[in-house]
Structure formats: C-alpha cells, structure tokens
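Enquirer: Each chain, written out:
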Amino acid sequence: MTAAAPEPKANMGTPVPRYDAAAKVTGRATYAADMPLDNPAYAFLVTSAIAKGRIDRFDLDDARRVRGVIEIVTHENAPKLKESKLFSNGGYAGTTIQPLKSVEIAHDGQIIAVIVAESYEAAREAANRVKVSCTVSAPSATFDSPGATTAAAKGQNAQFKEDPKVGDFAKAFEEAEVKLTAAYDTPAQHHNPMELFTTSCAWMGDNLVIYEGSQYVYGLKNGVAEQLGIDADKVRVVNPYVGGGFGSRGSMTPRTAIIAAIAKRLNRPIKLVPTRDQGFTITTYRAETRHEIRLGASRDGRLVALRHAGFEVSSRPDAYCVGGTKTTTRLYACPNVDSLVSIVRADRNTPGFMRSPPEVPYLFALESALDELAVKLDMDPIELRRINDATNEPIDGKPYTSRSLMACFDEAAKAFGWSQRSPQPKSMSDGDWLIGYGCAATCYPTQMAPCAARVRLQRDGRTRVEIAGHEIGTGAYTIIAQTAAERLGVPLEKVAVFIGDSDLPPAPVAGGSNSTASTCSAVMMVCDQIRQRLLKAVMPSDSLADKAKETVGISPAPSTQAAKSDRPLDIEKAFDALGVGIVEEYGEWKPDGAPMDSFTAMHRGQPRFVGGHQMKDKIAYAFGAEFVEVRINRFTHEIRCPRLVGAFAAGRIMNSRTARSQLMGGLIWGMSSALLEATEIDERYARYVNDNLADYLVPVNADVPGVEVIMLSEQDDHINPAGAKGLGELGNVGTNAAICNAIYHATGQRIRRLPVRLENIEV
Amino acid sequence: MRPFSYQRATDPDMAVQALGAAAAANNPVTKALVQPLAGGTTLIDLMKLDVMRPAAIVDINPLARGWSAIEPKSDGLRLGALAKMSDVAAHAEIERNYPVIADSLKLAASAQLRNMATLGGNVMQRTRCSYFRDVSYENCNKRSPGSGCAAMDGVNRMHAVLGVSDQCIATYPGDFAQALIALDAMAEITGKAGTRSMPFAQLHKAPGSTPDIETTLQPGELISAFSIQGRWPRSVYLKARDRQSYEFALSSAAVALDVQDGAIRDARVALGGVATVPWRAREAEALLKGQEFDEALARRAADAAFAEAKGRRHNSFKIALGKRVVARALQQAVTMEI
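Taken in sequence, the protein lines are chains G and F.
Mapping to my numbering: the first sequence position 541 is 541, numbers consecutive.
In short: position in the second sequence from 1, add 763, done, that's my numbering.
By construction, these hints were calculated from the structure, which means they are not laboratory data.
Hints may contain errors.
Computed spacing ranges between beta-carbons, pair by pair [unchecked claim]:
no., chain 1, residue 1, chain 2, residue 2, range
1, F, Gln965, G, Ser102, 51 to 57 Å
2, F, Asn790, G, Ala183, 49 to 55 Å
3, F, Ser1079, G, Gly147, 27 to 33 Å
Taking lysine-lysine and the DSSO-like style, the derived pairs with C-alpha atoms no more than 30 Å apart in a straight line are [said to hold, decoys possible]:
no., chain 1, residue 1, chain 2, residue 2
4, G, Lys154, G, Lys618
5, G, Lys414, G, Lys171
6, G, Lys131, F, Lys811
7, F, Lys794, G, Lys131
8, G, Lys414, G, Lys426
9, G, Lys24, F, Lys794
10, G, Lys536, G, Lys494
11, G, Lys165, G, Lys179
12, G, Lys376, G, Lys165
Here the structure is a predicted model, which means the values were calculated and not measured.
C-beta atoms are modelled at their ideal positions from N, C-alpha and C, and glycine is treated no differently.
Working from the sequences, and respecting the hints, build out all of it.
Expert: The structure is reproduced here in structure tokens:
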C-alpha cells in the first residue's frame, strides 16, 4: 500500500493535506470530552441487565456511601422530559424508548440510573454498588424468537413509502429460461467509533452548551430543546472534531437531555463518559436482516424477472427500516420487478443508520445472487452485469444523471488482474492456500440537502468560512477550505474554517453521504455572493455586474473549475473601491426540487433530502466495482483477504487524498463486514454478548495488506453546483458479496450468511 | 473500579509477605484481597470490569532485576517470570532452539501488550469467557460458585471442548503455556517457605466442581521462573484464529518432536484455544512415539488428542478444526529444516 496521495485526474481537486492533520497527529484536536468545564460533576450510567421486565426496587445504600457521590437519579426522581418523535416521523430521536421514565425495561442495557459524583471514579464505583431487583419477562431476541411479530414496512414508517414493483414478476419468473431463488442473512453490527458516546452539559443561566460528538448539531440542538421544553436558540451544541460517526451520531439518543436536565437541577456542569459496552445499547446499530431473492433470466443473460424480499429487525415501539429495495430494484435493467420489505419487532434497542444502511445488507443479497446466476449461466459475472447495465432505472424509467458502473468494472478488473482468473471453482491455489477471486458492484444514492454558510473576506485575502458542518474524519474542513479558496481565488492557507457548532449557519446531518455536495454547494454560492459584491464595486455599471454574475456562475454552476480562472478579481482594488474592511455574506442554498419548507426545516434541524431515486425526471447514484482475492487455508480454513481493489466514479472528486482515504476505509470495512463483524446475541436473554472491542472483531493492519483505490474521472452537471456525488458510503457496499463470490470461486461453496467464519468452510 | 491501596515490593520477601498477609484460608488465589501486579494487562482489565476487586495491589515489577533473566544453557533454558513476552520472543537462541516458545509468544496479543506483559503474568491470564468478564450476568460458577454457567447454553463459540465440566466451559486463553506444558517445563514458585519447583503441568486446575480455583498457587506465592530441560529445535506453534493478528486462538497446537533416522523418538503435543487449561495431548504423543511419520499417523494422533472432546452449540467445530491443526502442526514440525 503506498501512502502517497493519488494524482488528480480530470475533474478532481488537488490532494492538499488535511486541514486538521497537524492538530490530530499532535493530539491538539479537542473532542467533546476534552472540552474544559468549570467545576464539573461526573456522571456514570447504570444500565439494565435484562431486556424485558419491570424494576421492582433499587437498593442504593451501598452506592450512596461511596465518598463523593452527589446524586443518584432513577425513574423515581428523574427530571421530567418531553417526548421526541423518531427522526423518520418528523422528530429528532433515534429511539422513542425514553429511559428513567417508568419501571418498564424495554431492552438490554437500557439506562436505569445515573450516578453523579465528584469524580469519574467515584461515580463508576457507586454504579458498581447499585443493586436492583427486577421482575423479568421472557424477551423476544430476533428473527424466529417466540413473540417477535412481522409486518410489512409500508404504512409503519413514514420514510418507507413504497415497495417498488413494475411489470408482471410472477409471470416472467414462471416463464424464465434460467431461475434462481436464494436466501441471504446479514448480522447485527455496531459502529464502535473510537470516540465513546460522551456528553458534557453546562448551563449559563438559561443557556445550555452541549459538548457531544454529533453528526447533526442542529438536530441535536433542536431535539434536546424540545425534550427540555425550552427555546432551541438557548441550546448550543459544540464538537469541532468527531471521533468517528458511521451513523451512530446522526440522531439524538436519550442520554443527552437526561444529562442536560440533571446539570440544570444540580446547577453544575456534568460530564458523562459511558463505557464501550454501554455504547452498544444506549445508541443505535445495524440490525440483522434476511433476504429472499428471485431472479429469472434468458439463456443469454438478460434479466427478465427480479424479486427482492427483505426482513429487518427493529424494536417494539419503533419501525426503523432501511428498505434497500429502493436501490436493488433499480440497479439493473429488468422489466418485471417485485419487492417487499417487512419489519420484525423484538425486545431490542431501536436500530439506526450505519454506514450505507440500506445498501450493505441489500446489495449483499442482490450481488451474491447475480454471481450465482452467472454460475448458472456459465457466464463471467462482469459480462452478466454488462448485459444488464441500465441507462434508465426500470421502475419509473428515469435516466441516470451519469452512470460509470461498467467503466468501473473494466478499470478495476484490469488493475486486479481478473483475466488471470481461471473461472472454475477450486482451480487456483498457492501452497496451503486456496485462492478465490470475486467481484461485485457498489452504488450509493447521490443526495443533497439545504445548507447555509457564512463567508467573511478581508482585504489581505484572509477568509473565514462558518458552517455547522461536521468533521467526522471525512475531510470536511479540508474540502470546505479548498472550495472557498478556489472560488474566491485566495491562497488556501488564508482560509480558516469553523464547523461543528450549532451557533454557525445550519448544515444538514452528516449522513447519507450528502455533506460534501451540500456544504460545498452552499460555500460556492456564498463565495459567489462576495465575488458579486466585489465585482460590482470595480465595475459599477449594471451591465457589467450582470456580466459578472454570468461569468462567476452563481446558479447551478457546472461543477467545476475555479472561478478565478473565469475572471481574475483584484481583491485589494475591490476593497478600496468599496471602502470597507470586511466583506461578509450569508446565504442559504437548496438543491433543485427541495420542498417549500426547506429552509425553515433546516433551521429546525430537519434535513429535506433530495436525490437518489426521489429526484424529478432523473435518478442520481454513484457507482463502483470491487474486486477481492480471498485465500482459504486448506488445513485451518482460515479466511484471509490479501487484496481489495475498488474502482469508483462519483462526479467531481473534491480532494483525491481525502476521497481515497474514505474509499479505502470503506473497502476495509466492507471486508470486515463480511468476515469479522457481528454482534452476538444471546437469544435467551436478548442481550449482546461481545460488546467490547476485544470480542467484536475489526480488522488489524495484518488483515489488509493490499488495498487499492481507483477513482475514475466523471463529470455530472445534473446533480448539484459542486458536481459531487457522495462517496463516504460507497466503498463498503458490495464488498461483502465480492468476498462470498470469491469464497465460492476458491472452494465451490456458496455461503449466504454473514459473517463467514472458518467453521463455515467445508473443503 | 473500586478503591485499592498500592505498594511496591522491592525484594521477593517483601512481595511474598505483602501478598500473604491478608490471605484467608480456602480463598482461591484469584480472589485474594492482595494481588500482585506485573504487566497489569489482565489484572487492571478485570478490575475495571469489576470482576476482580482486590483491596490492595503489590507491584512486583521492581523484582525484575532478579526475575527477568533469559538464560539459554547447553542443557536447557531458564526464563525469569518477569521477562517481557516481547524480549523472549525476539531472543535469537530461543528462536533457534525453542521455536515453539518464540512463536507462541509472537502470535499472542499485540506488540504493545507483549511489551508490557510478563511470562509469569501471561500463564496466569484468566479466561476471556464473555459471561465471566461481564458481571451483569449473575450465573458464572467461576465468579460466584454455585450460580450456574451462562456460557453452557449461551454464545459459546470461543469456549472449550476439552477439560470441561458441567460447571464451566471457559477456555484457557493463552498461547505460551502450551509451549511450556509440551516441553515439560518446571515452574519455580517463591513463597514464604522459600523457593520450590513443580512441574508446570501441575499449575493449572481443570474446572471440575470448583471452577473458581484455577491454579494450585497459594496466596502469598509467586512464579519466579520457568525452566526447560534439553533443546527443542524441531518444534512449532500453529494457531488458527479469526484474524491475522491480535486475536485469541480458536485452536492451536504446540508440537515438539525428536526425530532420528526417520523415527519419532519423542513427541510432545499440547493444545490451546480448545481446553479449559493448558492441555497436554498425551494420547496423541503415545501414538507417535517410535513410529515413522506419515499423514495417516498424524491424523490418528489428532483423533486421539480429541477423543474425549465435548462440543456445545457453537463450538463443536473446534473438534474437527483442532484435529486438522494438530495434524498440520505435526507435518510442519516433521518437515521443518533445523
């Protein structure tokens, strides 16, 4: 693996080093729990050891005797909080299970008490000394558990609007020359970001400051305000750096309002640092899924029928649903399509977003099934995809704004050496190791949401960009700075970026891979407002100003090149003409097709997404192709993955260094998702067993010796002014299928259940 | 974690005295109120998890001056118990004459842990059973005798198939101990009455009806050294695991052979990842001794090693896996160039 940043190709930004690199590698970056507080008290959570039942009694005597304990909060004395609806139903919460409200316990690891003490150590010791008696009921853990209920997703979840279908699937499948029916399973998984789920709350009179790693500071601010019953303008959420999100910090968890309310009651700042295992139950996770795929094809490989039925686990009260059929029914040209998504309710905490929530499980099923079909057809799996490549999606017939799927397959195949593959299973080996090659497609919807920004320019070129975006490790600081520098024509080192603070202009949730497109489009627009003011100053006539507007391209400016190359602007001269010291502009950008209430919703912390299949007259996705080599030890059956090669096309690449890192991380996670990661559930108790980083395996360096990322040039002028398709969630989709396809090639054994472990291999 | 007092022992007498002072009769050493601290990689971990709740810690790291020597000799090897895992693993003479030891150490834990952890602490490492390590599960006979075993019918993929009882199926997690037991190592124990020597094989106790008693060490006793007779250049440690590094064995085999003129004069086989204690497969050894090696013999020996194995819901695969690991380790040992 080489460390050098890739040379940018056409329509790619320069790979400038990360804006925050020095701060991070020197430890100067301040994460939420690093923020200094004045005389804080420390909170520690007590969580339930049962998944279902009632609290009969607490015995707190031992805990209270611990020196330094200030307060023990249980349902008996907890501050009253208002409810918040689930984010998908117009609220902010990732779960409607509100702890400390009653004696009811709805899932394993539910918060049942909060200890507040003078030190973290005292709070934790007291937590260990809390005794609780419960009446336990038998919980339903997962699929097939007694008491779990199943119902169609449609009608339960406001965001799941349709089960896509077109044509006559039943007839076409019946008549198909070649048929495949197969079932696939994916496991529960947890994000495990490095930064724990900490929260610090400090009140200044009626104003609350929250330090918490969040992927949505405006959502959290509004959500906590709603729960506390106060004006959202009195709440500020601050997190200049976030130690990994992966979806886990996208919606509000119950802990925040509880800590805020206790801090208010005690009139003292409170810092909460939960443990790693508590993170498994006080936030969200990727729930386990099941799939049944039916494919019908003609002898020559054309798909004639496709059906995808998905089943997803959720909690009792909340119908969380990823509904990946919206993508899998539209990926390939097929005239007869049917689908159905169902939700299975069990006694679990509510699941939520996890990197590529729909695509990871649903494309595992579809891309595995396509490989199985290719085997049935005795056809190269790449050719099968080429035959069924689509320019228009089959459900509504809308054209893709751009689609480089096959170009990605061709580039990746070349770099990987696919032509060296002998197609026969079990035909390649090296000493003790059976070798398999496999591939799969990846795709991810291109999404944008309304976003605001404020930019301030000084005569000497110093620029300050303010936007309540989020640096979750993706490179947000860097590309926002690049965008402003390019657009204003100022040196990059003169641009200062301020993000991660809800007192700044609102940005959408850092989720759905929308951040780059949304924040950079907003920054471009506001920079153009500044340029327009400056140009007006040096060219006062209306006609010239109009010309300026045209040349700097304010509205949907095709992607592109730096404005400075369009029209050089002498900033100093313009400032002198204006006679001011600072030019500052604020602006609110929204994507084409955004609803009327976009901007008011934006300030309320509710993003109005546009993109994917939900655009008018078009459909926008980023695509890629992933190739893997697996090696399976003949004796131990250990499965290793020495090579991962991915080729991706995602519109304009803002920075080829940060983009590559995201895609590389995605490939590694994709491998991990296939071979290592699973949250083990003890079905008797509906409890997570391996809730720590020793037992929940993620790859170490030795597991990923070779990862190659190829980025293709792609220009798309139909998506957003930045011309960027989100790629943060593109890299880890399809990898799981590519791995199983490679395992089939190595062993002749088709594995349809993840993760694949050595005991699943029979050679 | 609960409050505890901390004391540094500057010489062995002081350590032994401090450790023995609060020792209660019939209290297993793991529950002693005073615990020795070496590398701390297990003890501190379990204290944070509230599994171990010592009232006092005696830091024995100052004893490293006398207890960390790595001493290869013409007729054997002596290893101080406070030698760091990484130092022993990288020692040229150990790599040459005792590859099973070097490899068992290299394949254990992570570089950072190996730099901290000591040999003595490593063999005393406690099980990774999730139910043992999580005090919110009430039923663990190892933590609370008589409370039951949550792992028996729970998530038990990592658990043992050999040396199990109806009280406990927790796996002994280490690697190095398999090398020691295979090579008939002696453990040097320092206590109130001075220093005694005992076969390493007598250190660990299978769970039986008392899974809370894990070793024969008494409170106030410390392991001060290990010693091994002879040299074992034809030896291997093979470890099968879910990821390539920094992971416990699903199955491992420590194999040492003495092959002369095509015949196996002496054979040592020990198993890891599959048993409740470091496991010597003497039945396999008996089959191998005096025979000429071939694959069928290796398979018979492997079958013998697992003849008594008992699988549960998620860990039955370890029986077939373990046999293949043993057979492969034997093959590697026979064919290695020395």
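Enquirer: Which hint numbers doesn't this structure obey?
Expert: 5, 9
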